[in-house]
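Whole structure, please, built from the sequences with the hints as guidance.
Quick note, the sequences are listed as chains A and B, same order. If you're matching positions, the first sequence starts at 4 in my numbering and goes up one per residue. If you're matching positions, the second sequence starts at -10 in my numbering and goes up one per residue.
To be clear, the hints were calculated from the coordinates, so they are not data collected in a lab. Misleading hints may appear alongside valid ones.
Using C-beta positions, here's what the derived DEER-type ranges look like [as the list claims (entries may be wrong)]: (1) A:E120 - B:R177: 22 to 32 angstroms; (2) B:L274 - A:D75: 37 to 47 angstroms; (3) B:F208 - A:A137: 52 to 62 angstroms; (4) A:R69 - B:A126: 53 to 63 angstroms; (5) B:Q275 - A:K116: 52 to 62 angstroms; (6) A:S166 - B:L69: 46 to 56 angstroms.
Not everything, but these chain B residues come out facing chain A in the computed CB check (under 7 angstroms) [stated by the list, open to error]: (7) G136; (8) S178; (9) A188.
It should be emphasised that the depicted structure is a prediction, and the values quoted were computed from it without experimental measurement. C-beta atoms are modelled at their ideal positions from N, C-alpha and C, and glycine is treated no differently.
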Amino acid sequence: MANVEFNSVWKTYAGDVHAVRGVDLSIADGEFVVLVGPSGCGKSTTLRMVAGLESISDGEISIGGRVVNGVDPKDRDIAMVFQNYALYPHMSVYQNLSFALRMRKTPKAEIDKRVREAATTLGIETLLERKPKALSGGQRQRVAVGRAIVRDPKVFLFDEPLSNLDAKLRTETRADLKALHQRLRTTTIYVTHDQEEAMTLGDRVVVMAEGVIQQADTPFEVFRRPANRFVAGFIGTPPMCFFEGRIERDGGVRFVGRAGADGRPSLAIELGEDQAAAMNGREAVTLGVRPTSLAWTRSPIEPEASIVATPRVVEPLGERMDVHLETLAGERLLARVPASDGMPIGEPTRFALEREEIHFFEPGPFGARVGAAEVASV
Amino acid sequence: MKTSAHIHRRERRAAWALVAPFAIVTAVFIFYPLYRSIVLAFSQTFGPGATEPAGWLNFRMTLTDPLFWVALRNTALFTLGSLFIQLPLALILASFLNRPDLRGRTVYRLVMFMPQLVGLVFAAMIGGVFFAKRVGAVNQILHATIGLDLDFPWLDQHVTISLILIALWLYVGFNMVYFLAALQTVDRSLVEAARIDGANPAQRFIHVVIPSIRPVLTFVVLLSFIGSMQLFELPYVMLNGAGTENRGLTVVMYLYQQAFVAGDLGMASAVGWLLGLALIAAAALQMLVARKEAA
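Below you can see the structure in the form of structure tokens.
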């Protein structure tokens, strides 16, 4: 087992295309870190640089204290599970599992022992004589994981290993992988584009975009205190809704959204003391609110923070329902509220905001978080 | 009202009408000649038109003719050269062109493929000039570099090697294109997995690449084998016949001589059938082995 250190790591392709830009990250021994982000964000390239399948253009990666730039993949003591599993099609499951050990000239008896151990761990001991094409997707996935654990490497690398499974199997296998990690405690770097997978699996979630780490933190923190607007919009389903607006200071400090056709803003919210202080003279900011933080209020008393919007479509989800809304200023947003009848489609309706759940960001798609973690409740 | 039987009959007639052109052409140009060649193979022929049944005579005559065995030996040597020199070289070239960091792949591929565009007869003539004594480029170069005798008798004494080299020039690019196409379909993550698993380049090639391209490999070997066994134009044009002491005689050239020089269509048919059956047997064997290895 070993820790993994990234020291301002860059990956630059010909023509000055920067796939990874100055990644700094410390992964502790035994930690399960998930790199997550949209496609093209550099997460796979980062993983492949750890594996040694991509060269490191600048900076250093070290595994267990040893700088591995220029070290051959086979000498890095890592094992990798590929998205398409990359099982050798002409070899039986047994031969697939034992290939790495055979290449390392491990004694036959030892190979046999380790292959059977790994097979038992993963529940594939009855499949050892089969060829990959005679296996189901889930079984292949297990063999691919088996091929990694049979080596007992310092670091496991997973490159979207669940994306070829159907939804049900994906959820099951996710739990299996987590259990496996809790048992083996091998340092793991896991790449996925699925934020839910990232949240459920990782001790730490590293959100990447455009080759840059946007935030590296526990799943809880990444969700509760997104470091910028990108992370806020990427983590959480359904995604956070945003409103461009400005800060007005006449008496109190208020966030005022864009004005609608009648000149009135879609929302205007008094800020608490902490939040007001954090604004620190800012004019333009973006307000973010998760669909689950909106509530349909039928009470005639106006809530402290609210937004008026017109329900367009209602999607029942059983216990809850998603209401697609349009504000007076034409902004679209989603509210996930407890299921109930009588949502007035097409009529302006008031929705309350949970003030503790309002986030503020600098303008722009990567605008940094502004102010305290939570708005002080008024 | 039309009965369903009536409609059925009409559909059948239409089907036959649609198949007819192909069926007629096949029957006239393939099945009939095939049938005639079987009849001829078992007949003694005295010029066109005069034949009489002869049982296995033609086959016996062929198999006891020393010249047939000379032809077979030359052809077999050439075939071995094609399979064990040309194809490995084509595979090595293809592997080189398959390097992901290589620039100008298309240009190299085109250059390697180009000799294929030269007609066989022209290639043979060019070969004759290149391997000529004294003035030929091959001897000139080898004389200048390693001091080989300017009169080294390529076309007299070492015909098979010359033929192998010319065929190499002609076809190596062609086979390389097949191999390159196959190599480009090899799943990259398989090779990467093997790299991580600790396989060196040679091991990766043997354990991952070769099994991945096996179907194309089998196909190219088969095609090459059949093509080589049918060698004819190259030596015939280059040597203006069978060459010194029949060193350039091949099985098909032997067949040609029987048919169109000696005028013995029966013998020629027998040779043709022997060659055909040998090729079918060899191909079947290769397919069997390939299938067994793949399973």
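Going through the hints against the structure:
1. At roughly 30 angstroms, the beta-carbon separation of A:E120 and B:R177 lies within the given 22 to 32 angstroms, and the hint holds.
2. About 41 angstroms separates the C-beta atoms of B:L274 and A:D75, a value consistent with the hinted range of 37 to 47 angstroms.
3. Range check, B:F208 to A:A137: about 25 angstroms between beta-carbon atoms, so the 52 to 62 angstroms window is missed.
4. Separation of A:R69 from B:A126 is about 56 angstroms and conforms to the stated range, judged on CB atoms against 53 to 63 angstroms.
5. Checked against the hint of 52 to 62 angstroms, the pair B:Q275 and A:K116 fails, with Cβ atoms roughly 40 angstroms apart.
6. Distance hint for A:S166 and B:L69: a CB-CB separation of about 49 angstroms, consistent with the stated range 46 to 56 angstroms.
7. Because the smallest distance between the Cβ of B:G136 and any Cβ of chain A comes to about 44 angstroms, over 7 angstroms, the interface hint for this residue is violated.
8. Contact between B:S178 and chain A, as hinted, is supported at the beta carbon level, the nearest pair being about 4 angstroms apart and thus within 7 angstroms.
9. Here the hint on B:A188 is kept, as its CB sits about 5 angstroms from the closest CB of chain A, short of 7 angstroms.
Against the hints set out earlier in the document, violations occur for numbers 3, 5 and 7.
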